[in-house]
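Residue numbers (the UniProt record's numbering), protein chains in the order written: chain S, 1 to 325; chain C, 1 to 292.
Just so you know, these hints were derived from the structure itself, not from any lab. All of these numbers come straight from a predicted model, not from anything done at the bench. Keep in mind that the hints are not guaranteed to be accurate.
[Unchecked claim] Derived, one-sided and incomplete: chain C residues facing chain S with beta-carbon distance under 8 Å:
| id | residue |
| --- | --- |
| 1 | I30 |
| 2 | T32 |
| 3 | N36 |
| 4 | V47 |
| 5 | S132 |
| 6 | K257 |
| 7 | I275 |
| 8 | I287 |
| 9 | W289 |
The beta carbon of each residue, even a glycine, is placed where N, CA and C say it ideally should be.
Now for the letters of each chain:
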Amino acid sequence: MAGDLEFEKPVIELKKKINELREYTKNTEMDLSSEIEKLEARLEKVEKEIYENIKPWDRVSIARHPERPTTLDYISLLFTDFFECHGDRLFGDDEAIVGGIAKFHGLPITVIGHQRGKDTKENIRRNFGMPHPEGYRKALRLMKQAEKFKRPIICFIDTKGAYPGKAAEERGQSEAIARNLFEMAGLKVPVICIVIGEGGSGGALALGVGNHVHMLENSTYSVISPEGAASILWRDASLAKKAAESMKITAPDLKELGIIDEIISEARGGAHRDVNQQAGEINRVLKASLKELSCLSEEELVDHRYKKYKLIGEYTSLNEYIGVN
Amino acid sequence: MLKELFTKTKKKKYATIPSETAKQDVPEGIMTKCPNCKKIMYTKELVKTLKVCFHCGYHHQMNSKERIQSFVDSGSFQELNKGMVSGNPLNFPVYEEKLEKDRKKTHLNEAVVTGVAEIGGMGVVVAIMDASFRMGSMGSVVGEKITLAIEKADELKVPFIIFTASGGARMQEGVLSLMQMAKTSVALKRFSDHGGLIISIMTHPTTGGVSASFASLGDYNFAEPGALIGFAGRRIIEQTIREDLPEDFQTAEFLLKHGQLDAVITRQELRDRIISILEIHQPGGSISWQEI
Numbered sequence: 001m002a003g004d005l006e007f008e009k010p011v012i013e014l015k016k017k018i019n020e021l022r023e024y025t026k027n028t029e030m031d032l033s034s035e036i037e038k039l040e041a042r043l044e045k046v047e048k049e050i051y052e053n054i055k056p057w058d059r060v061s062i063a064r065h066p067e068r069p070t071t072l073d074y075i076s077l078l079f080t081d082f083f084e085c086h087g088d089r090l091f092g093d094d095e096a097i098v099g100g101i102a103k104f105h106g107l108p109i110t111v112i113g114h115q116r117g118k119d120t121k122e123n124i125r126r127n128f129g130m131p132h133p134e135g136y137r138k139a140l141r142l143m144k145q146a147e148k149f150k151r152p153i154i155c156f157i158d159t160k161g162a163y164p165g166k167a168a169e170e171r172g173q174s175e176a177i178a179r180n181l182f183e184m185a186g187l188k189v190p191v192i193c194i195v196i197g198e199g200g201s202g203g204a205l206a207l208g209v210g211n212h213v214h215m216l217e218n219s220t221y222s223v224i225s226p227e228g229a230a231s232i233l234w235r236d237a238s239l240a241k242k243a244a245e246s247m248k249i250t251a252p253d254l255k256e257l258g259i260i261d262e263i264i265s266e267a268r269g270g271a272h273r274d275v276n277q278q279a280g281e282i283n284r285v286l287k288a289s290l291k292e293l294s295c296l297s298e299e300e301l302v303d304h305r306y307k308k309y310k311l312i313g314e315y316t317s318l319n320e321y322i323g324v325n
Numbered sequence: 001m002l003k004e005l006f007t008k009t010k011k012k013k014y015a016t017i018p019s020e021t022a023k024q025d026v027p028e029g030i031m032t033k034c035p036n037c038k039k040i041m042y043t044k045e046l047v048k049t050l051k052v053c054f055h056c057g058y059h060h061q062m063n064s065k066e067r068i069q070s071f072v073d074s075g076s077f078q079e080l081n082k083g084m085v086s087g088n089p090l091n092f093p094v095y096e097e098k099l100e101k102d103r104k105k106t107h108l109n110e111a112v113v114t115g116v117a118e119i120g121g122m123g124v125v126v127a128i129m130d131a132s133f134r135m136g137s138m139g140s141v142v143g144e145k146i147t148l149a150i151e152k153a154d155e156l157k158v159p160f161i162i163f164t165a166s167g168g169a170r171m172q173e174g175v176l177s178l179m180q181m182a183k184t185s186v187a188l189k190r191f192s193d194h195g196g197l198i199i200s201i202m203t204h205p206t207t208g209g210v211s212a213s214f215a216s217l218g219d220y221n222f223a224e225p226g227a228l229i230g231f232a233g234r235r236i237i238e239q240t241i242r243e244d245l246p247e248d249f250q251t252a253e254f255l256l257k258h259g260q261l262d263a264v265i266t267r268q269e270l271r272d273r274i275i276s277i278l279e280i281h282q283p284g285g286s287i288s289w290q291e292i
């Protein structure tokens, strides 16, 4: 199977063996059914062991899987009447972010998300899902529009990070991200963010200041890519695996840190194994979030977001410190 | 070779008389030549395809009447302020004659037609600019009629849809024309603050003061394929910067690439896509988020 991941190898090999035996019994008189049964039992055990003890680095590789469903995949499965809106009305149209209006169970919403490609050609067009300032400014334009027409905003987060490039800096990458954080804080409509792949740093957070933030089970969210962290901390990008384990970047980690609201479960082996099932899971969580948040008034929504972010961060005080005096 | 073709038909006698007087006898407008692919076609056939060339997809200019017929629900259009005509506030030479000439030629009183209508059964106010009247230029009447249309949309709590086609501000009304940019924008701001939906559809050509006011202020800005849209004219820019400009400069597609448009929509798709957007913006239906 194309795109099999390293840690899944024992499972894949066992499955292959079972299939071979099946083929063999079909073509000959020999009865190997007891053998097959034994192997199947073992497969079940191995699968359970592997998928239940999935390591942070394994999740990173699932989150980066080339066939992992993207924002547009989920948009087409979750919403109807999607109408894509282009452009930031300032400089350009960044295809690393898509957005537009649609209906969710018959009610209007605005949906925005990072969009990476699934092949080289599309990845070049979408800049590997790494936005320029105009992408964030388009997103903000659509959020403001949603606020004007009082419809909830749904953001899908899936980026390695904002694009580190010359042009991006010239046009104010930092300002664009900062502006989004600032303006998202004040939106008078429900904002729900779902990390569906990689949540890379500020480039992810610029679509991530929501009332509810959810993560797919095998997605990641962190201040920097594991490779980046490894090269900064230990000057060796090959220690990425170690960094992934130390940095707390998986959904269960973030849930424990109180940063996300809900972990959306994935099919065994990752969302790409069953996109429809995954959309179904997201649908369930989205519905619940919208039901809950639509009860809040405009002021309560802003306040809810304020309190959510105010609570994040850990610190202690030293009693014996006497201060500068 | 052409002659041989015609020998088989009776038309030969009438079709190829080369004299100047005969040329004038052929009623104007029976045939249309596509400026893009240079093919000649029956105007009647062209109207059937919403004036989109069936060879190359070129969008021929539509006048306001054709636009109303093809865009709003049939029979739903009720015109507003149709009697309003321009004065000559600056006593500009031959302005009145020019207006009179265009009134005769187009059977329009001014370069914009406004009205209340329905599209897909949903109420809207539409304003349609007509480039066949003084190049769709904006003077006091165009500004006033558009402003009154916006106010009507505000009063009725319905979306405001504008089709723009204009060479810009009307020179003969001087600074009064310039101020129509501000007047229409002020009206749109109030309408927008009241939650009104503004859809702008830019058609060929949308330039100067019109592109720099209401045409660009939609919640959704769309354009027809190939439409020329820009502020300053190509020649002026080329002379100023002393550079050749790219082929697609100031086309709808160029603007889309540069972030100025939500989408470029073909004329065939336009009605359906606008209906879909209007549906999303219809005020609260019977269901709420609690019931999904």
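Status of each hint after checking the structure:
1. I30: 40 Å, violated
2. T32: Violated: closest Cβ of chain S sits about 32 Å from T32 of chain C, beyond 8 Å.
3. N36: Constraint on N36 of chain C not satisfied, violated at 24 Å.
4. V47: 29 Å, violated
5. S132: S132 of chain C check fails; min Cβ-Cβ to chain S is 30 Å, beyond 8 Å.
6. K257: 6 Å, holds
7. I275: 10 Å, violated
8. I287: 6 Å, holds
9. W289: At 4 Å from the nearest chain S Cβ, W289 of chain C passes the 8 Å test, so the hint holds.
Checked against the numbered hints listed earlier, the structure breaks hints 1, 2, 3, 4, 5 and 7; every other hint is satisfied.
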